[in-house]
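Those sequence lines, one after another, are chains E and D.
FYI, in the working numbering the residues of the first sequence are 1 to 304.
FYI, in the working numbering the residues of the second sequence are 305 to 592.
Quick caveat, the hints were computed from the structure, so don't treat them as lab data.
All values derive from a computational prediction rather than experimental measurement.
Fair warning: there could be bad hints in the mix.
Pair ranges (Cβ atoms, derived) [unchecked claim]: (1) E:W80 with D:L574: 40 to 46 angstroms; (2) E:L66 with D:N374: 56 to 62 angstroms; (3) E:T254 with D:T512: 40 to 46 angstroms; (4) E:A34 with D:R323: 58 to 64 angstroms.
Every residue, glycine too, gets a C-beta built ideally from N, C-alpha and C.
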Amino acid sequence: MSTTVSVGARTAATAARRRNYARQYWPFIVPAGAVVFAVILFPWLFTLFMSVHDWHIGGERTFVGLRNYARMLGDERFGWALLRTLYFTALSVILPMVLGVAAAVVFHRSFPGRGLARTLFIMPMMATPVAVALVWTMMFHPQLGVLNYLLTSMGLPPSAWVYESGTVIPTLVMVETWQWTPLVMLIVLGGLASLPTDPYEAAMLDGASMAQVFRHVTLPLVWPFIMVAAVIRGIDALKAFDTIFVISNGGPGTASETLNILLYLQAFSFYDMGYASAIVAVFFVLILLVTMLLLHFRQRDALS
Amino acid sequence: MTALPGRRRSTPASRRVRRVLGRVGLYACVLLLVSPAILVFLWMLSLSLKNEADNTAFPPVFIPNPPTLNNFADVFRKNDFLQYTLNSIIVSFGATGAALLVGVPAGYGIAKARATRAALLILIARITPGLSYLIPLFLLFQWLELTGTLLPIVITHLVITVPIVVYIMIGFFEGLPPELEEAALVDGATIWQAFRFVALPLARPGITVATILGFIFSWNNFIFGIVLAGRETRTLPVAVYNVLTFEQVSWGPLAAAALLVTLPVLLLTLLMQKEIVAGLTAGGVKGG
Numbered sequence: 001m002s003t004t005v006s007v008g009a010r011t012a013a014t015a016a017r018r019r020n021y022a023r024q025y026w027p028f029i030v031p032a033g034a035v036v037f038a039v040i041l042f043p044w045l046f047t048l049f050m051s052v053h054d055w056h057i058g059g060e061r062t063f064v065g066l067r068n069y070a071r072m073l074g075d076e077r078f079g080w081a082l083l084r085t086l087y088f089t090a091l092s093v094i095l096p097m098v099l100g101v102a103a104a105v106v107f108h109r110s111f112p113g114r115g116l117a118r119t120l121f122i123m124p125m126m127a128t129p130v131a132v133a134l135v136w137t138m139m140f141h142p143q144l145g146v147l148n149y150l151l152t153s154m155g156l157p158p159s160a161w162v163y164e165s166g167t168v169i170p171t172l173v174m175v176e177t178w179q180w181t182p183l184v185m186l187i188v189l190g191g192l193a194s195l196p197t198d199p200y201e202a203a204m205l206d207g208a209s210m211a212q213v214f215r216h217v218t219l220p221l222v223w224p225f226i227m228v229a230a231v232i233r234g235i236d237a238l239k240a241f242d243t244i245f246v247i248s249n250g251g252p253g254t255a256s257e258t259l260n261i262l263l264y265l266q267a268f269s270f271y272d273m274g275y276a277s278a279i280v281a282v283f284f285v286l287i288l289l290v291t292m293l294l295l296h297f298r299q300r301d302a303l304s
Numbered sequence: 305m306t307a308l309p310g311r312r313r314s315t316p317a318s319r320r321v322r323r324v325l326g327r328v329g330l331y332a333c334v335l336l337l338v339s340p341a342i343l344v345f346l347w348m349l350s351l352s353l354k355n356e357a358d359n360t361a362f363p364p365v366f367i368p369n370p371p372t373l374n375n376f377a378d379v380f381r382k383n384d385f386l387q388y389t390l391n392s393i394i395v396s397f398g399a400t401g402a403a404l405l406v407g408v409p410a411g412y413g414i415a416k417a418r419a420t421r422a423a424l425l426i427l428i429a430r431i432t433p434g435l436s437y438l439i440p441l442f443l444l445f446q447w448l449e450l451t452g453t454l455l456p457i458v459i460t461h462l463v464i465t466v467p468i469v470v471y472i473m474i475g476f477f478e479g480l481p482p483e484l485e486e487a488a489l490v491d492g493a494t495i496w497q498a499f500r501f502v503a504l505p506l507a508r509p510g511i512t513v514a515t516i517l518g519f520i521f522s523w524n525n526f527i528f529g530i531v532l533a534g535r536e537t538r539t540l541p542v543a544v545y546n547v548l549t550f551e552q553v554s555w556g557p558l559a560a561a562a563l564l565v566t567l568p569v570l571l572l573t574l575l576m577q578k579e580i581v582a583g584l585t586a587g588g589v590k591g592g
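Let the hints inform the model, and build the full structure from the sequences given.
Here is the structure:
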């Protein structure tokens, strides 16, 4: 945490000197600033501009005001995509969080072979998502897939995996969990590594059990890191694309069509750029809301 | 620390038993955590080394017997796999190189000037879904008649690599002791010289981390390529999805191609695990 100096204590002269000092470093930032403007800010402004137009590729562009946004309200497909996105995101935050924190506690212990084990554990998040998604697709095959073979050989009924609307989202969440639990683990592990040792010594002297130490010492101390991991996981789950696109492509029917998939279809299959841009704007607000919601929880817990 | 009087007293023997049990439990947990990761990759390897009869056999054949490299030969024989590999190399190196060129000085400037608002902008880039950059940029590249070349793909990959590089470098330069550069400035160096000859050499480990992560996330990116790439300009993830589509191609070559695409990344992760873990822990970075 940074130490804050009260602004009132500073004289205007030092503030001016500080500003001049900072200004010296602007030339370092300008090139990157130009790149960020060109590939990040410009697309944003242009998206807002497009979202108030009726704009099909190859067609005429006409100003329609907020009609694209109004259309969203009446668009049942959009509504379902929104709900599905929230369902997928809730599961894809909770599961990796629980497993990731547990994994971080395990990898925080020191044992021979820890480095290698940790590297193997983070492989799923480093591997090319499309490549692993294709392998998962082969494993999900209802007749020839290895997963149904494993289920039936354990005496369990086979699953339709991504080939049935009831199971497709939980199945995709499973892949997402497999892939992104390591990131949660790494962030929480970083938190665990930065903890002071004094509270532990005090708790041990008081004869606290391992479970008590975890609940009353470790968890509160590492909570800020857990919330950072949750925010990042929430953002990434909302934006999930590669896995869903490759494994189910929004199907069967529209059973796994999340906002991002719908967005892709509107923009690059139907070439309805105006409507797609309006969806982007709403999508971004949704991501901001989820981020702020999770940060709000973080603040409230810090106070209690 | 000695046990308090009245609390359970343990003999050395029972303590040793408990320690052994703890060790066994710990390794069981580690095995449980690591096996889903390993098994998927092993299954990928198994599929890629079996002939088609074994790949579609039920019950499945787990160990290839005998293993065959035909699938890998197929991948190269039936597709322009080399061309796609070259595309991926150009795009990932280009986007990472350009990001280092602008991002390393920017990280230095932001760290020195404490420009927190500039860092916030980087965060917004992290939040925004990749598709939302694509719609306007797609139109722009069409208008500039750049589609069909690799340049639009390199440019869009900057969306991934620039934030990663800047974010990691800010953290790294903030961690450097300022005394050395101050000494150089007192001796009459310009701030550019202080950066170039004092800070930059010290920042080499940070640059390594930023390069590796930028490269990996650019290499893995799918969403920009699937929209912008034409037949000749496909990157590997796009090629493996597009060319070897699921229905048409048998499992063996598909698994072999998938393995080839992700192999460089897996090897990098194995070799540079310390740097990668440090970078990911610091930023929680991931692009697209």
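Consistency of the hints with the structure:
Evaluation of the 40 to 46 angstroms hint for E:W80 and D:L574 yields a pass: the beta carbon distance comes to about 42 angstroms. The hinted window of 56 to 62 angstroms between E:L66 and D:N374 holds, with their beta carbons roughly 58 angstroms apart. Taking the beta carbon of each, E:T254 and D:T512 are about 45 angstroms apart, inside 40 to 46 angstroms as hinted. Distance hint for E:A34 and D:R323: a CB-CB separation of about 60 angstroms, consistent with the stated range 58 to 64 angstroms.
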